[in-house]
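Student: Here are the chains, one letter per residue:
There are 2 protein chains.
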Amino acid sequence: MNRIKELAYKNYVKVDNIPIVVQKFGGSSVADFDRIMNVARRIRKRVNQGNKLVVVVSAMGKTTDNLIKMVKQITEHPDARELDQLLATGEQVSAVMLSIALQKLKLKSKSLNAYQARIQTLGKYSEARITSFDKRRLLFLLKTNDVLVVTGFQGLTDEGDIATLGRGGSDTSAVALAASLNAPCEIYSDVAGIYTTDPKLYPAAKKAKLISYDDMLELAASGAKVLHGRSVEVAKRFNIPIYCGSSFSDEEGSYVVNEELMIEKSSVSGLSVMENQIHVVIKKLPVNYSYVRDIFRRVATSGLNVDMISIISDEDGISVSFTLIDEKKKRLDAALKRALRELRDYEIEYHAGFIKLTVVGVGMKSGIGVASDFFNALKNVPFKLVTTSEIKISCLIEKQYKLEAVNALVKKFKL
Amino acid sequence: MNRIKELAYKNYVKVDNIPIVVQKFGGSSVADFDRIMNVARRIRKRVNQGNKLVVVVSAMGKTTDNLIKMVKQITEHPDARELDQLLATGEQVSAVMLSIALQKLKLKSKSLNAYQARIQTLGKYSEARITSFDKRRLLFLLKTNDVLVVTGFQGLTDEGDIATLGRGGSDTSAVALAASLNAPCEIYSDVAGIYTTDPKLYPAAKKAKLISYDDMLELAASGAKVLHGRSVEVAKRFNIPIYCGSSFSDEEGSYVVNEELMIEKSSVSGLSVMENQIHVVIKKLPVNYSYVRDIFRRVATSGLNVDMISIISDEDGISVSFTLIDEKKKRLDAALKRALRELRDYEIEYHAGFIKLTVVGVGMKSGIGVASDFFNALKNVPFKLVTTSEIKISCLIEKQYKLEAVNALVKKFKL
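As given, the protein sequences belong to chains A and B, one line each in that order. Per the numbering used here, residue 1 is the first one in the first sequence, and the count goes up by one each step. Per the numbering used here, residue 1001 is the first one in the second sequence, and the count goes up by one each step.
Bear in mind the hints are in silico, worked out from the structure with no lab data behind them. Warning: the hint list may mix true and false statements.
[As the list claims (entries may be wrong)] Straight-line alpha carbon distances no greater than 35 Å define the calculated DSBU-like cross-link-like pairs of lysine-lysine that follow:
| id | chain 1 | residue 1 | chain 2 | residue 2 |
| --- | --- | --- | --- | --- |
| 1 | A | 62 | B | 1072 |
| 2 | A | 108 | B | 1337 |
| 3 | A | 5 | A | 207 |
Let the sequences and hints guide you as you build the complete structure.
Tutor: In structure tokens, the structure reads:
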């Protein structure tokens, strides 16, 4: 661990010989005035230890949800540009509040919105990707300030409109900022690090002190909520270690790092559970892959994220099956009906009441027998579907087997 | 009146041959969703009548007060820059909400914040003055939009920080925008026009269909709240007629125009009342005007607005007297004590319980006998102090005479 820490905080940018650190605090960490003062005190401690900080904040508590509710009182389908202009005010408020709290503690602080930090983005409203910050200006302002508080979750389009980065986007703001400045990145939330499985589900869950980008990506994609998946992708691309810690305690958190940095790789590093899955089966499609292509094209343009896809072709025609979260069933049904509107005799089945279990670990690549251990552990649990990648195994089981399966896997892989 | 209307809407800027109008809606006009929809419908009507609109909005209802309360939970003395960054979010929210409401009514609308409309300012935080808009960009966007909704009350400093214009600043935003675009300006609130005296005080108060810039300035300075004084100054400088109307009814409002446009000038056009005045008297100052200068310098730097100043020099020395709103007494006392700290034998008296009555009218310049009518009307009311300017007379009376005095003046000058 000490070697990781050393690497994580070495060779990074300094201003007037003081090393810069990027920190991010999530919405629940700044949900009210006491919590904002708590965050301000933690930042002061860090400044006193000899850092200057660029702090990224999310909107306070439920602000974003409340703004969306406000809009819904006028229309169910707000214009994407206007919605982004509105949501961005949430982080603008929290950035100012934190900055004022820091000034109260006698720190020199300045809040910066997307215009002031020149956060440029590309892509669509509500799912924009950050392309750059005004790094020079940030470093210039750090000469005369202890802390800069930057609004997360937002950036600017080429036309100077505001575009948000989507749910969890502030994580990405922080990592992109760290990459741009060449600074270490620390992400604080109400969970002190990354757990190999959800502690609410399995109280004895262990914290991963170290986890690779790839494992974290798989965990995030299969439902772990500590870090936003896109932020991990950016960290991986720029090789920025991410420290995940608690906003409320000094408990040691987790480092998400390049696989190369990990000395001992356990073959399986995490287990995640996604609930409310339905298993969708489409049968008796003509042996003509244009329908299959059309199904997945329409599913994608409907914004649906399907998983565990399997396609079988036999004498009855082509069968396509995949999983999806239950609440998206209606939208899926509409998309499928459009894709198959020229056909008559196909069948669609929806099987509800499933959960998806996923174990991940870069160690699987070299480890032997993980699949065998996996199926061995689940010997009493009937499974419906299994899919694997280089570093993960997922299986779909009926929900009544959840606790039994989780316990068996946690025990087998010492999670 | 028709001649005024013609002049007010003639020779103004057009986009694709459609005339542009600037409208402003105050905070109570957009205080909730019903009211926002009401404003949106009024705008749609205007668009259907053949205009394109640039609409300036204040923050919804009590938003600004609530944001200030939020800050006060952290500190009583927030940094001016950070406070402005915070307050600006109020108008950003209301601009988006109105824009979304307009889109729901099938209008093409875009909300623009201070960055997007490039509202440049000079001066201090919380009291900045607008210097320019990006007129070209606004006219360009009007080609493809029916309405642009611009955040009032705010602009940018040269460094790209947000600076607000002070209370009532959205009026100034609207007039400055109208001046910049060369468009007529309409300001909507919950009062349908400008009353010659407060209708709450004197229910039979008449509405002024026409009022000159100078009269309006005097009325605003002496407490009338319909239009922000600075907005009238800007209108006067650029000769922009302002129409003041109701957001809630089609009742005919008032025009604030250049004196030259007024065909019949009544000698007195308005009466205003300022309550809670104290009369301050400083006696026995040495006959040395440096103390008098110092008093008024310190009063000004303390941000205190004194009025009805009179200075008398006789054998007892110099006496200075003036009026001030009661609640500022403590701050005044501190300023005076500093100014006079080297002196011993002076006396300060504070007489509370006064109100200040002011009648204004450009007609006074040519009208004869206004002062005589004024004192005649008030023959049963003892007054403490009287001051006059070219177009106004103010007098200080004890508060128990308020109703009697207002009635007498309203009757005498047919207000």
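Student: State for each hint whether it applies.
Tutor: Right, here's what the structure says about each hint:
1. A:62 / B:1072: holds (21 Å)
2. A:108 / B:1337: holds (34 Å)
3. A:5 / A:207: The given pair, whose Cα atoms are some 17 Å apart, holds under the 35 Å limit.
Of the hints listed earlier, there is not a single one the structure fails to meet.
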